[in-house]
Each structure stands twice: as C-alpha cells, then as structure tokens.
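Between the sequences and the hints, there should be enough to build the whole structure, so can you do that?
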Amino acid sequence: MQKEVKSVGLTQTKFFNISDKILLESNVEFGPIHVAYETYGTLNEKADNAILLLHALTGDAHAAGYHDEKDKKPGWWEDMVGPGKAFDTDKYFVISSNMLGGCSGTTGPCSINPETGRPYGLSFPVITIEDAVKVQKKLVEFLGVKKLIVAGGSMGGMQALEWSIANADMVKDVIIIASTSRLSAQGIAFNAVGRNAILSDPYFNNGDYYDKEKQPEKGLAIARMIGHITYLCEESMHKKFGRRFQYSNRPNFDFNIDFQVESYLEHQGRTFVDRFDANSYLYITKAVDYFDMAQKHGSLEAAFKKTNARFLVMSFTSDWLFPTEQSKEIVHALIQAGKDVSFCEIESPCGHDAFLLEFETQTKIIKSFLAKGEENV
Amino acid sequence: MFNPSESLHLNYAVIAGMIEEHSKVLDLGCGNGELLKMLTTKRHCSGIGIDINQNNVIESIQKGLSVIQGDIDEGLKEFTDKEFDYVILNQTLQSTEKPDFVIEEMLRAGKKNVVSFPNFGYWRVRFYLFFKGRMPKSKMLPFNWYDTPNIHLLTIEDFFDFCKEHDIRISKSIYIKRGKISKNPFNRILTNLLCEEAIFVIEK
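Protein chains in written order, with this note's numbering: chain A, 1 to 377; chain B, 1001 to 1204.
It should be emphasised that the hints constitute simulated quantities derived from the structure, not laboratory data.
Certain hints may be false.
What the hints assert, rightly or not - Mimicking DSBU-like on lysine-lysine, the simulated pairs with C-alpha atoms at most 35 angstroms apart in a straight line are: (1) A/K146 <-> B/K1024; (2) B/K1042 <-> B/K1172; (3) A/K14 <-> A/K296; (4) B/K1077 <-> A/K147; (5) B/K1204 <-> A/K328; (6) A/K339 <-> B/K1139; (7) B/K1139 <-> B/K1180; (8) B/K1042 <-> A/K328.
As the list claims (entries may be wrong) - So, partial list: chain A residues that the calculated Cβ filter (under 7 angstroms) puts toward chain B: (9) H332; (10) I335; (11) Q336; (12) D340; (13) S342; (14) C344; (15) E345; (16) E347; (17) T363; (18) K364; (19) I365; (20) K372.
Glycine is no exception: its CB is placed at the ideal position from the N, C-alpha and C atoms.
This is the structure in structure tokens:
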C-alpha cells in the first residue's frame, strides 16, 4: 500500500464563455460571461459520474492540486478531492468553477465591461445564488455532463440546494456541509458590517477604484477580519491565541497590535486584499443574504418536493454561524417532502471552519453515502 | 456463558419476524444500524433510522442506510401521522428522558409499533437487589448506577399498566426467557418474574 497522500497533481484553470445573455433573477439580461473552472478525473461514457463542487464565499475554481511545481499551496479542498479521497477522482469527474460575481476568473465586477472597455464596478448587476447556479448549469452542459452529484460547504451548500431543485432532472445526490437554506438575521448582520467597512473606505470611490493608485484595502481587510471571527468559535480562538501577547509578555500601552488574536486578524485581513476584490465581496455577500428557499417556494418542504435527489447533510457542533439547527431545518423539510436524507452532526471544536478542516470524518461519511448511490445505478 | 451477540441476534430475529416484508420502518435509537440493515436486506423494508450518537450514525451510513442524527426525546415532528408501517423502539425506551412522550410520538407516526425493553421484574434482578442490596447489574443491565443510560427502568407489569392507562392496544407480545423465546403462556405474574426481556407490538 502506498502511504503517501495522493493528489490530482498539476492542474490548470480553464475558461468557458457564455456569449448569449442570461436573464438574471433581478430581471436584468446580462452577458457575456466567462467562467473559470477546473476539472479532475474523467467523464464516463454515460456522462453520469460528475461531481460539481461549489465553493464558499471567497473560494475559487482551484479546488485541488497545484498550478505549478513551485506552488506551495494546493487547491482549497485538497484534503477532500483526489485519488482515493472523499471525492475520488479515480471514479468521478470532478468539476469546480468560480462563482458568478467572483474575482478569480469568472465574470464579476472587476471584469471589463465590453461595452465601455472599463471594469464594471458597481454597474455590475446584483446577482443571486440562483443566477450563479444558472451559469454553472451552462458550464456543466458544455462539459457534456448528463447526471451529476453536487456538493458544497457554507455558501457552496446553498448553491447545492438550489441545484437540487432548479435542475432536478440532472442531480442524483446532494451533499450539504455546514450550510443553511437561509441565513439568520445574525448572519446577515455580520455581512452587513463587512459591506459597511468596504463602502465607508475613503478609497472605495463608489466601486470605481480599479485604475486608482489607492484601493479600498482597509475596508476589505476589516470585512475579512469580521468574517474570520465568525468562522472560528470561542473555544478555538481561546486555544489558538488565549490572551497571549504578540511581541512581549506585557502590554504596550498603545493602540498597535498587542494580542496574538489581533495579529492573526490583521494578517488574515492583509493577505486577503491581495487575492480578493472589494466589489466582489459586496456582491457575493448580498447574494448569500438574499438566498431564502422557503420564502421563494412558499415553504422549505414545498421547495424540496421538486427534487429527485438523495441528500447528505452535515453540520458541526461548534459552528455558530451556520448552526446545527439550520441543518436540521433542511433535514426535517426533506423528510416532510418524502425525500431520502441522512444527517450527521460532527463533533468539532473548529467552528464554521470545521468543514475545511475535519476532513477525516467527512471523508468516511461522504464515501459511504456516494457508495450507496453507485449501488442504485 | 452469556453471549451478548447471540442474545442480540435473537432480539433482531424476533423483531424481523414481527415485521411484514416491504414495510416502511422507522428505527428509533437505531444504534449501529444492524437491525435496520437486516430489515432492509432480509425483509426488503425501506426505512430510516435515528440515533443520538455520532459514531452510531456514521456506522449506519457506512452500512448504506439513511440515518438522521437526532434526539428522539425532542419528538418526531418531522414525520406525519401514520407515515410508517412500523416504528421500532428496540431496547431504547428505558434510556429516554420522556418515555411517555416518545411512545406517544411513535404511536402517532407509526401504524404499528415495536417496543422492547429489559424487564426489571426479572427474578435475577429482584434477587440481586434483595440479597446484595445494590442496584442490579446483569447481562442486559451491565452499567453502574452512576453511568447507566438506563434512567427509566420498568417491568413488564409496569408496561401493561402504562398501556391500559393510555388506551394502547398490545397486539403481539413475545417474551425472552434465558436467551430463548418463552414458549409457555405463563400467567402475567410469572412472566414478569421469569423473563428477562419483552417485545411488544403496540397500536393506537
């Protein structure tokens, strides 16, 4: 037996163009759209072994493998995607794409508007989870996929839920991790503070900052700091940082960074601005806030009546941003709609971040769940 | 002398024998899913299990079952009235917080319902308490008083009283005596004394 952990190895982000305009939920016709995506594994002859992975708030198409030999960091779900892993690339054709409105290759507010030759900025239309799924559907069809499994954590779980009812004829299995069918008022509140930080940055310039010398970095960094507080939990923060000082063992008596937790947040904020666009943060958090299946379909149960898929729902004990109760709401509605569902609340001290960290337990569960689906074929 | 897996197999076999083929079943406190798996493969039942323990849920999912992690003491509100042909409460009643509520909920969700529990009226249990003066421990009740999950122990007579008070009909009863199905129809007092486990089908 080979002991080393296998990876999909070198991967490449590819692009797919939708030249026609698509009708967005806001009734705006929008296009053209480029979609950045990666695939791992091979599509079988029946074109029914695909898994579409859906990323969280600030993710991208690069879910697994490395972009070049010197790449230090693999894709965001490397622990879960690869040969023999939870999403087994020896068996499945795994697809991952950057979300509409994002800033990692797929058309978003930082893309050039072909009509003006300048970045869209705030002239980019407000998009929803439903719109993002519409775009993903086009990609999946372009790749020749007939049937698929959809899986995602956090915002990715929202997209997976939407997939299961919007494209019920295509979706066989759905895996929802640390997610919800609608964000709580508390969740919206955190997103709102993040957006406010960006909007009130002196360099935001009404979203038109791309060719300016200064960018709204401070606002975006603060938004990210707030995000990170919500991704951890009290216990994990205490374990990670406690009340330890960063540079010495006593207070500085000034307002620079004293505590390790401050330094951590500062670091997270600082590194985030190098890879993420402030406008994208506004658009995507708004899409997350708007998502509400029960409101749209009358009730959650009514929404799930439309799906034909089997569901696996997982939550984490210490996740207070997407708490277990919200997963249970999904599970109960699925049962009421007469659908096949399994649910596991995984013990973890890692908060919402657990879905990216607790890969061993998730792997066990996901593999068994997918194996059952293979039997049914 | 005592083989717990043998006794479990008897318990499973009895329950499997009580349930008609192709039934829709709900197993409350399904443990590692062994009974539910048996019902799906041997009796072609469709079903779902509920268990409070994460490892049990994972083991059940690994058996290819649909299982929900949850606490049956919170009720079964996600299930509609008489949704299942059978709801099963196997060796779980005595460890629920609210046994009366759990039974009420199962009777609502199930057309027929299987309840099994270790009989605290069994003579060995009585003798243990009488002679040793300590909380009884046995093959079926292996725990210490301070770490036992069995917080609502009962006797067969207690269960009869409960059913009478709550207008619950017992449509079938099987008693286990020293690891075997008890053949002789004892009178009730003797049954309560001689049998270590009871399995009932109840309806309302």
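Hints versus structure:
The hinted pair formed by A/K146 and B/K1024 meets the criterion: a straight-line CA distance of about 31 angstroms does not exceed 35 angstroms. Of the pairs offered as hints, the one joining B/K1042 and B/K1172 holds, with about 21 angstroms between alpha carbons and a cut-off of 35 angstroms not exceeded. As the CA atoms of A/K14 and A/K296 are separated by approximately 34 angstroms, the hinted pair is consistent with the 35 angstroms bound. Distance check on the hinted pair: B/K1077 and A/K147 sit about 33 angstroms apart at the alpha-carbon level, within 35 angstroms; holds.
For the proposed pair B/K1204 and A/K328, the alpha carbon gap of about 29 angstroms is at most 35 angstroms, so the pair holds. Restraint check for A/K339 and B/K1139: not satisfied, since their Cα atoms lie roughly 39 angstroms apart, outside the 35 angstroms limit. Taking the CA atoms of B/K1139 and B/K1180, the gap is about 14 angstroms. The hint holds against a cut of 35 angstroms. A distance of roughly 31 angstroms separates the Cα atoms of B/K1042 and A/K328; the hinted pair therefore holds under the 35 angstroms criterion.
Of the supplied interface hints, the one on A/H332 holds, with its beta-carbon coming within about 4 angstroms of a beta-carbon of chain B, less than 7 angstroms. For A/I335, the interface hint holds, the least distance from its beta-carbon to any beta-carbon of chain B being 4 angstroms, beneath 7 angstroms. Among the interface hints, the one on A/Q336 holds; its C-beta lies about 6 angstroms from the nearest C-beta in chain B, closer than the 7 angstroms criterion. Below 7 angstroms, beta-carbon pairs count as interface contacts, and A/D340 has one with chain B at about 5 angstroms; its hint therefore holds.
Taking 7 angstroms as the C-beta cut-off, the interface hint given for A/S342 holds, the closest approach to chain B being about 5 angstroms. The restraint placing A/C344 at the interface with chain B holds, with a minimum CB-CB distance near 5 angstroms, inside the 7 angstroms limit. Because the beta carbon of A/E345 sits about 5 angstroms from the nearest beta carbon in chain B, less than 7 angstroms, this interface hint is met. Residue-level restraint check for A/E347 holds (minimum Cβ-Cβ distance to chain B is 6 angstroms; threshold 7 angstroms).
For A/T363, the interface hint is violated, the least distance from its beta-carbon to any beta-carbon of chain B being 11 angstroms, above 7 angstroms. The interface hint given for A/K364 is met, as the beta carbon of that residue sits about 6 angstroms from the closest beta carbon of chain B, less than 7 angstroms. Interface hint status for A/I365: upheld, as the beta-carbon distance to the closest one in chain B is roughly 6 angstroms, under 7 angstroms. About 4 angstroms separates the beta-carbon of A/K372 from the nearest beta-carbon of chain B, less than 7 angstroms, and the hint is met.
Of the numbered hints stated above, those contradicted by the structure are hints 6, 17, listed in ascending order.
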